[in-house]
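Taken in sequence, the protein lines are chains A and B.
Here the first sequence is numbered in the numbering used here, starting from 1 and rising by one per residue.
Here the second sequence is numbered in the numbering used here, starting from 1 and rising by one per residue.
To be clear, the hints were calculated from the coordinates, so they are not data collected in a lab.
All of these numbers come straight from a predicted model, not from anything done at the bench.
Honestly, I wouldn't trust all of these hints.
As the list claims (entries may be wrong) - Using 20 angstroms as the maximum straight-line C-alpha spacing, the simulated SDA-like pairs for lysine to any residue come out as follows:
(1) B:K221 - A:I87
(2) B:K74 - A:K88
(3) B:K148 - B:F110
(4) B:K221 - A:S90
(5) B:K221 - A:T93
(6) B:K99 - B:S174
(7) A:K97 - B:P60
(8) A:K107 - B:E50
(9) A:K88 - B:S174
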Amino acid sequence: MPLRQQIVTIFIAAAIFILILELIRRRKLLEEYAWLWLMTGFSIIVLTIWRDALIKITHLIGAVAPQSTVFFFAVIFLILICLQFSIKVSNLTNQVKNLAQELAILKSEIQLKKQA
Amino acid sequence: MHSDTLITIPAYNEERTILKVVALTKKLYPDIDIVVINDGSIDGTTEMAEKAGAIVLSHPFNMGYGVTLQTGYKYAIRNNYTYLVQMDGDGQHDPESVKTMLPLIKGGSFDVVLGCRFSDTSVYKMSIFRSIGMKVFRFFLYVLSGQKISDITSGFQAMNKRVLSLFVSDVFPSDYPDADVILLLSKNGFKIGEVPVAMYPNLYGKSMHSNPLNVVYYVFKMFLSMLITKIRT
Numbered sequence: 001m002p003l004r005q006q007i008v009t010i011f012i013a014a015a016i017f018i019l020i021l022e023l024i025r026r027r028k029l030l031e032e033y034a035w036l037w038l039m040t041g042f043s044i045i046v047l048t049i050w051r052d053a054l055i056k057i058t059h060l061i062g063a064v065a066p067q068s069t070v071f072f073f074a075v076i077f078l079i080l081i082c083l084q085f086s087i088k089v090s091n092l093t094n095q096v097k098n099l100a101q102e103l104a105i106l107k108s109e110i111q112l113k114k115q116a
Numbered sequence: 001m002h003s004d005t006l007i008t009i010p011a012y013n014e015e016r017t018i019l020k021v022v023a024l025t026k027k028l029y030p031d032i033d034i035v036v037i038n039d040g041s042i043d044g045t046t047e048m049a050e051k052a053g054a055i056v057l058s059h060p061f062n063m064g065y066g067v068t069l070q071t072g073y074k075y076a077i078r079n080n081y082t083y084l085v086q087m088d089g090d091g092q093h094d095p096e097s098v099k100t101m102l103p104l105i106k107g108g109s110f111d112v113v114l115g116c117r118f119s120d121t122s123v124y125k126m127s128i129f130r131s132i133g134m135k136v137f138r139f140f141l142y143v144l145s146g147q148k149i150s151d152i153t154s155g156f157q158a159m160n161k162r163v164l165s166l167f168v169s170d171v172f173p174s175d176y177p178d179a180d181v182i183l184l185l186s187k188n189g190f191k192i193g194e195v196p197v198a199m200y201p202n203l204y205g206k207s208m209h210s211n212p213l214n215v216v217y218y219v220f221k222m223f224l225s226m227l228i229t230k231i232r233t
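Looking at chain A on its own, in the form it has when it is part of the complex:
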């Protein structure tokens, strides 16, 4: 990897890393969602600096170019993020359902008490 490419990659990864930490600090992002992003930013920095590791992983998964390895893991990362969001959305849907049902029952109880 040329030096210029290495510098740009490290710069972008560090910027993502700092952005995520800042979002957590401002309570705009929960730690629960941040760990996968932080892990990814950290991995990009490590693989950019430690080039041998990227080449070894490339051989290990049977890829030809190190760039393919990076794209391969990027896709896996996006799938995992989507899966994490789907799990969370499922939980939230269930919670909204329970709240709406509770609200409907409580409203009717209040109305009956008022009428009585």
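Once you have looked at the hints, place chain B on chain A.
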């Protein structure tokens, strides 16, 4: 002190039929409490149901048929009812049939009784595609549970408190509870019965089966839901 039985009627934009359904049910069963669960209707369903003398539970927004049914189950459990009958608010289900269904539950013959629409007295007709779909799921249900149920999509049901206790939990499906619920009941050892009931065509409402995308989703979801129900511990 209320009666031991509750009739629940899920309703979504049923202002044209709900008054008649509730009034007729109330006339036939004056001692049984009737609850209409309004699933976020944007018409006068609530007003009509209240006018007919029903208790109305209103969802803040539309949440689907399964959630609406479950709200009725939760209400029944919270208010300590022993038996529940559910029937649709669009006038398809004949309240007279409750007389046939309820004694089978109260007598302990079954835990759940399904109102079967394929009887001599029923004027209900379904499309060829729906008929084929029903046969496929019926067979699938038989393979997975050994249960021979002729009307697996019937929403006209009567049940006891033991079944209600299961249905208020998160295992109850929220979108289209049909054959997967029968499988769930069978897996939990409940006795399921079927009685022929009079059923009429839906005159005003639009069936969810009229949208091809809904049908594709339904078929996929139902197969998945049945398989998951089967392998879930």
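Status of each hint after checking the structure:
Annotation: proposed proximity of B:K221 to A:I87 holds, straight-line Cα distance about 17 angstroms (limit 20 angstroms). With a C-alpha separation of about 24 angstroms, the suggested pairing of B:K74 with A:K88 is violated against the 20 angstroms cut-off. In summary, the hint linking B:K148 to B:F110 is supported, as the alpha carbons are separated by about 15 angstroms, within the 20 angstroms threshold. The straight-line distance between the Cα atoms of B:K221 and A:S90 is roughly 15 angstroms, inside the 20 angstroms bound, and the hint therefore holds.
With a CA separation close to 17 angstroms, the supplied pair B:K221 and A:T93 stays within the 20 angstroms bound. Restraint check: the Cα-Cα separation between B:K99 and B:S174 comes to about 28 angstroms, which exceeds 20 angstroms; the hinted pair is violated. With a C-alpha separation of about 10 angstroms, the suggested pair A:K97 and B:P60 falls inside the 20 angstroms cut-off, and the hint holds. Distance restraint check for A:K107 and B:E50: the Cα-Cα separation of roughly 14 angstroms lies within the 20 angstroms cut-off, and the hinted pair is therefore satisfied.
Pair hint A:K88 plus B:S174 holds up; C-alpha atoms about 17 angstroms apart against a cutoff of 20 angstroms.
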